[in-house]
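Trainee: Sequence:
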Amino acid sequence: MRFTRKLFDGIAISAIAAAASLGASATHAADKITIMVGGYEKQIYLPAKLAENLGYFKDEGLDVELLNETAGVDAENQLLAGAVQGVVGFYDHCVDLQAKGKFVESIVQFSQAPGEVELVSTKHPEIKSPADFKGKNLGVTGLGSSTNFLTLYMASKAGLQPGDVVTVPVGAGGTFIAAMQQDQIQAGMTTEPTISRMLKTGEAKVLVDMRTVDATRQALGGTYPAASLYLESSWVNEHKEETQKLANAFVKTLKFINTHSAAEIADKMPKDFYVGDKDGYIKALEEGKGMFTPDGVMPDDGPKTVLAVLSEFSKNVKGKQIDLSKTYTTEFVKNAK
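Residue numbers for the sequence shown follow numbering that gives the first Met the number 0, beginning at 0 and rising by one.
No lab work stands behind these hints: they were computed from the structure.
Here are the simulated lysine to aspartate or glutamate pairs, EDC-like style, with alpha carbons at most 20 Å apart:
1) K254 <-> D294
2) K251 <-> E51
3) K133 <-> D163
4) K270 <-> E51
5) K333 <-> D299
6) K239 <-> E59
7) K325 <-> D299
8) K267 <-> E64
9) K122 <-> D182
10) K254 <-> D266
All chains, please: the whole structure from these sequences, using the hints.
Mentor: If you want it as structure tokens, here you go:
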């Protein structure tokens, strides 16, 4: 009888321990947050990999996995499909998606300028302004991407009609460069370090520069909040604690960027991000790091500029009632520790 009781007690204790272990595993799995980045080697999305390399996610007790996707629109689709919990991409998707009845919001605003440039192949000196885009193939990262939005906006503002230009999804980096070299595209929108690589070889020149706040105001009529961390609003409401921890990590990262030199920041990045030219990477970052916000707060005039840009050409957005207050929040960055 004593033996049976001990055996029963032993089985019960083992069962409780197994259940506790299973519960811990389930909790750990639930705590994992997957964030898809629209090309984490791009300098515009630098805060994502930098936060990981500085250990700021772990400092917050977060298990964050970064996935790479060359085009922001594909990252957006993964979010809506529930495959990832967050996206590091352009804020303008938050506005575009609301027009389609989907609610996502920027919780940390990384930048206040797109960091994008419209490059023109030096084989096509006839392209002197966006008005000369007619009949041309223009490179974008993906159809429905922010580069596509901005390209169509520039064409529309120049008086061109839908169908006057063809936007071609060519990604960034090597695929963008190859497309221009092979004359598959005559111009295209891209970011650093691709910009510097093409300017260095003399294969392209800058037509429209949106790497700084002042240049962006000139090109788009105002501050254009671009790179951000955005999440589905329903997920934010259900995961306030995790959202705050993400905000904490990224605000610390933005402060690091704001208080360190481009060379110090570059030293924290993977070596393959330099694409064989660390000096060029540092130079481009030094010239462009002013695009990053110091604190993750949305610029006051930014959302209105984005809405005006999208309303210029997008049938999805034009004439729709968009509640901009639901496309971003400053709650978490203002409470960041």
